[in-house]
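Got chain A; can you put chain B on it based on the hints?
Single-letter residue listing:
Number of protein chains: 2
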Amino acid sequence: MKDNYEDRIRCPRLMQRVTSPQEAASWIRDGMTVGMSGFTRAGDAKALPAALAERARHEPLRITLLTGASLGNDTDKLLTEAGALARRMPFQADPVLRAAINRGEVMYIDQHLSETVETLRSRQMKPVDVAIIEAVAITESGAIIPTTSVGNSASFAILADKVIVEINLSQTPDLEGLHDIWIPKARPTREALPVVSVNQRVGVPYIDIPFEKIVAVVITDQVDSTSSIQPPDSETAAIAGHLVNFFENEIEAGRLTRQLLPLQAGIGTIANAVMAGFANSPFEHLTMYSEVLQDSTFDLFDAGKLDFASGSSITLSPSKSKQVFSDFGRYKDRLVLRPQEVSNHPEAIRRLGIIAINTALEADIYGNVNSTHVLGTHMMNGIGGSGDFARNAYLSVFATKSIAKGGKVSSIVPMVTHVDHTEHDVDIIVTELGLADLRGLAPRERADVIIANCVAAPYQDMLREYVAEAKQRGGHTPHVLEKAFDWHTRYRESGSMLKAG
Amino acid sequence: MKDNYEDRIRCPRLMQRVTSPQEAASWIRDGMTVGMSGFTRAGDAKALPAALAERARHEPLRITLLTGASLGNDTDKLLTEAGALARRMPFQADPVLRAAINRGEVMYIDQHLSETVETLRSRQMKPVDVAIIEAVAITESGAIIPTTSVGNSASFAILADKVIVEINLSQTPDLEGLHDIWIPKARPTREALPVVSVNQRVGVPYIDIPFEKIVAVVITDQVDSTSSIQPPDSETAAIAGHLVNFFENEIEAGRLTRQLLPLQAGIGTIANAVMAGFANSPFEHLTMYSEVLQDSTFDLFDAGKLDFASGSSITLSPSKSKQVFSDFGRYKDRLVLRPQEVSNHPEAIRRLGIIAINTALEADIYGNVNSTHVLGTHMMNGIGGSGDFARNAYLSVFATKSIAKGGKVSSIVPMVTHVDHTEHDVDIIVTELGLADLRGLAPRERADVIIANCVAAPYQDMLREYVAEAKQRGGHTPHVLEKAFDWHTRYRESGSMLKAG
Numbered sequence: 009m010k011d012n013y014e015d016r017i018r019c020p021r022l023m024q025r026v027t028s029p030q031e032a033a034s035w036i037r038d039g040m041t042v043g044m045s046g047f048t049r050a051g052d053a054k055a056l057p058a059a060l061a062e063r064a065r066h067e068p069l070r071i072t073l074l075t076g077a078s079l080g081n082d083t084d085k086l087l088t089e090a091g092a093l094a095r096r097m098p099f100q101a102d103p104v105l106r107a108a109i110n111r112g113e114v115m116y117i118d119q120h121l122s123e124t125v126e127t128l129r130s131r132q133m134k135p136v137d138v139a140i141i142e143a144v145a146i147t148e149s150g151a152i153i154p155t156t157s158v159g160n161s162a163s164f165a166i167l168a169d170k171v172i173v174e175i176n177l178s179q180t181p182d183l184e185g186l187h188d189i190w191i192p193k194a195r196p197t198r199e200a201l202p203v204v205s206v207n208q209r210v211g212v213p214y215i216d217i218p219f220e221k222i223v224a225v226v227i228t229d230q231v232d233s234t235s236s237i238q239p240p241d242s243e244t245a246a247i248a249g250h251l252v253n254f255f256e257n258e259i260e261a262g263r264l265t266r267q268l269l270p271l272q273a274g275i276g277t278i279a280n281a282v283m284a285g286f287a288n289s290p291f292e293h294l295t296m297y298s299e300v301l302q303d304s305t306f307d308l309f310d311a312g313k314l315d316f317a318s319g320s321s322i323t324l325s326p327s328k329s330k331q332v333f334s335d336f337g338r339y340k341d342r343l344v345l346r347p348q349e350v351s352n353h354p355e356a357i358r359r360l361g362i363i364a365i366n367t368a369l370e371a372d373i374y375g376n377v378n379s380t381h382v383l384g385t386h387m388m389n390g391i392g393g394s395g396d397f398a399r400n401a402y403l404s405v406f407a408t409k410s411i412a413k414g415g416k417v418s419s420i421v422p423m424v425t426h427v428d429h430t431e432h433d434v435d436i437i438v439t440e441l442g443l444a445d446l447r448g449l450a451p452r453e454r455a456d457v458i459i460a461n462c463v464a465a466p467y468q469d470m471l472r473e474y475v476a477e478a479k480q481r482g483g484h485t486p487h488v489l490e491k492a493f494d495w496h497t498r499y500r501e502s503g504s505m506l507k508a509g
Numbered sequence: 009m010k011d012n013y014e015d016r017i018r019c020p021r022l023m024q025r026v027t028s029p030q031e032a033a034s035w036i037r038d039g040m041t042v043g044m045s046g047f048t049r050a051g052d053a054k055a056l057p058a059a060l061a062e063r064a065r066h067e068p069l070r071i072t073l074l075t076g077a078s079l080g081n082d083t084d085k086l087l088t089e090a091g092a093l094a095r096r097m098p099f100q101a102d103p104v105l106r107a108a109i110n111r112g113e114v115m116y117i118d119q120h121l122s123e124t125v126e127t128l129r130s131r132q133m134k135p136v137d138v139a140i141i142e143a144v145a146i147t148e149s150g151a152i153i154p155t156t157s158v159g160n161s162a163s164f165a166i167l168a169d170k171v172i173v174e175i176n177l178s179q180t181p182d183l184e185g186l187h188d189i190w191i192p193k194a195r196p197t198r199e200a201l202p203v204v205s206v207n208q209r210v211g212v213p214y215i216d217i218p219f220e221k222i223v224a225v226v227i228t229d230q231v232d233s234t235s236s237i238q239p240p241d242s243e244t245a246a247i248a249g250h251l252v253n254f255f256e257n258e259i260e261a262g263r264l265t266r267q268l269l270p271l272q273a274g275i276g277t278i279a280n281a282v283m284a285g286f287a288n289s290p291f292e293h294l295t296m297y298s299e300v301l302q303d304s305t306f307d308l309f310d311a312g313k314l315d316f317a318s319g320s321s322i323t324l325s326p327s328k329s330k331q332v333f334s335d336f337g338r339y340k341d342r343l344v345l346r347p348q349e350v351s352n353h354p355e356a357i358r359r360l361g362i363i364a365i366n367t368a369l370e371a372d373i374y375g376n377v378n379s380t381h382v383l384g385t386h387m388m389n390g391i392g393g394s395g396d397f398a399r400n401a402y403l404s405v406f407a408t409k410s411i412a413k414g415g416k417v418s419s420i421v422p423m424v425t426h427v428d429h430t431e432h433d434v435d436i437i438v439t440e441l442g443l444a445d446l447r448g449l450a451p452r453e454r455a456d457v458i459i460a461n462c463v464a465a466p467y468q469d470m471l472r473e474y475v476a477e478a479k480q481r482g483g484h485t486p487h488v489l490e491k492a493f494d495w496h497t498r499y500r501e502s503g504s505m506l507k508a509g
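First to last, the protein sequences are chains A and B. Okay, so the first sequence: first residue is 9 according to the numbering used here, each after it adds one. Okay, so the second sequence: first residue is 9 according to the numbering used here, each after it adds one.
There's no promise every hint is true.
Copies of the same chain look alike in the list, so a pair counts if it fits in one copy or across any two.
In silico DSBU-like cross-links for lysine-lysine, where the CA-CA straight-line distance does not exceed 30 Å [said to hold, decoys possible]:
# : residue 1 : residue 2
1 : Lys409    : Lys328
2 : Lys409    : Lys507
3 : Lys85     : Lys479
4 : Lys491    : Lys413
5 : Lys491    : Lys409
These aren't lab readings, by the way, just hints derived from the structure by calculation. All of these numbers come straight from a predicted model, not from anything done at the bench.
The shape of chain A in the complex, shown without the other chains (with noise of 0.2 Å):
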């Protein structure tokens, strides 16, 4: 396979830059930060965090990994395995460096996925030493053609003093032209991010970067690693009902029309099943502005209801990946992708108007939402996007199965043991029971509002509970502290929050 590169490489001087992984893993020393694209398991780099995690076992070996969100090819189990990782942002979904983290052997560092690059580009942040890049190709003038996602590679690799690039014949050369890189000026003359509507372009279909700063090509043919998302099932189709009757009284309400405003899904089961429920509903001409597009995007189009998807990176199953890359040019011109400040940007979500759909870990009975902590302490994935888009959209929902663990949990308690969204940012709450619309009202009523409609039935009475006895010592939002995480003590105790007997 390594035979026919030549064409990706269309900048001569590069040519002699193509190497081994280990050899350009060579770049990497201890204590150093690496930017690695990568976002949602799409257009990670592969080869070379595969040669770094090698070289981990048998040298020291400890980098600060920074990403664009969730890698594929096990790149986090391996580097975790091999003791590389000291510092890891912004996001991690994977379960053996989850556990390391959550030993606090790795410093993990939870962040609005918008946020990163502001942070490394103000220099509130050690610089990124290296930038390790998947691409399609490099063109003439070194610039970099990304794959299945922008995420952090664009500002990754104009930041950092050395760029390594890893072109990937597996990613089809009909990529190219699909992205679209912006990058904000530095403070105080920064001018405003111009996007105003979802399917506009406002920069570049490359990352311009000067050729001299690739120190080192290599060739891979390893293929992205594919959503380990659940298809729907009855719950997440009658959360989706829900979500769709709710659409439809809006548009009754002359609040909305058919088409909506553009619509976010978190990544996921729950927020795939709920985008892909939209295809048999009465919308039309849908658009999306989100970060990751998953089948559900593709199912929309493929049913007329979707006009344009704009997101950060393409994350299928194998079936839809098989289909969608085979035929790119059939897709194409209704996508683009961007840089992850871009299409998660507070400018872009509050001025398009985002109708956000996220999944809560759990929720309370003040419609406070934990994404992130298991019984407060540890740590599942991250935050994400979701609160760069529950802040500042239209309308921020938050979804869930009321019940987990065959009902041994409740996903709505008396007090989150985490907050990532406060009350402030939460609109409505959805679980396969019903769904409750915050809107407007005061903790009290919004109480009842949940408890009503989202909550599995042993709770609801468990919880009804709680808020009379809290009633009584008063306050804007009620609570007996004492008894706030009982069902979390109880749980982790006995394995259930259910009280015995």
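Showing chain B alone in chain A's frame:
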């Protein structure tokens, strides 16, 4: 005094609509939603609310009251005592209303100050029936010249069917020209907010409505309530000192210039004192892009430190008020007042790179901040604009004295009882004891830095003990859930967070 208001009402057809507050108040009926001017006690309607409260004592009259932020002249108190408030948003700071909210009698919706008119404009909230706006003058066409605040006045007047204007003769006519009214278009065709520098004017200096909408004009000369903030003390001076040192180091590291970046300071004693501390600093040509402009703004002008200040209101102490408004021309060309959705707009805050300085009620060892709820249940004032700024700022600072209630309360606790600002949105915590720079740190590291720098002696050991026990349970963010609120429970039961004996 009511003899010489003719030059304030330049639209002749409105002269015949001049009436008594009682008469004007009759436009407001039971169950209505009323939008009033007023932001941090500045520029609030005065005669109308008093007449409304009087009426509510004799007849059924319960309204939903929307304002910019807090009101002066005991308006919230009078309306609460008269039973006239069914719902109140988005901010308040009145002890009588606060108590009614905490008894669950008034439904209070505590909102990010930039968001209220967005939800009105998109009709996600009941529309404003009547707007009551204080003005220095009405133009020939019926446009309103606001007084010492803009707040939400412009959108209330534009969106309401009927508008009542209070011409306040005590407000200097020099205020005309101070305001810059820019209102975003409805989605999905919204343009970018054009503000790219602090001193830029992007709108018009009046609220542009047709005169026909003005159903009544009332004349008053009641003055704005003055600020109730305390003067700087040794502890607030120490907080200011730590921040000045911090910024000096940032300049040395090349991350900032002596001009820093535009400053925002929350309302209140601590933020005002911090800003005042900049008068004796090496910084120069400072600018502010803030919401309320307090005494310190004018102290910094007088000290030659401040070039320009953008806000949504001016709220001063009695002596400063006298000085500033008796010689307003001296400051006017260095000031602009904007609608609060512009002063607090995520677009502007992110773009300009604001340094946001706000006050914490309590913070926890992992950097979460409670700005609103005493013991997690009882509302103090509200989140105000702190979330608008903290989330999108270049740098987000939260200041608090390390202890309260004579040492019986620690402002740094194991876990905050209510989260207004998540760990993701807090860069710096500063008390009189020192400053914790949380940038780029994982939760366990943040705990060490906060405990070492910001916590009063007796509580330092208690927090270290808590963290040690929590770490035994593991997790990215270690906690002992069943003990997380022990300090608050102890305070509630014994009057002190300290253990007895």
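These are the hints, each one checked on the structure:
When the C-alpha separation of Lys409 and Lys328 is checked against a cutoff of 30 Å, the pair qualifies only within one copy, where the shortest distance is 25 Å, while the shortest distance between copies is 56 Å. Taking the shortest alpha-carbon separations for Lys409 and Lys507, only the intra-copy value of 21 Å comes in at or below 30 Å, while the best inter-copy value is 42 Å. Taking the closest pair of Cα atoms, Lys85 and Lys479 come within 30 Å of each other only across two copies (23 Å); inside a single copy the shortest separation is 47 Å, beyond that limit. For a Cα distance limit of 30 Å, the shortest separation of Lys491 from Lys413 qualifies both inside one copy, at 22 Å, and across copies, at 25 Å.
For a Cα distance limit of 30 Å, the shortest separation of Lys491 from Lys409 qualifies both inside one copy, at 24 Å, and across copies, at 29 Å.
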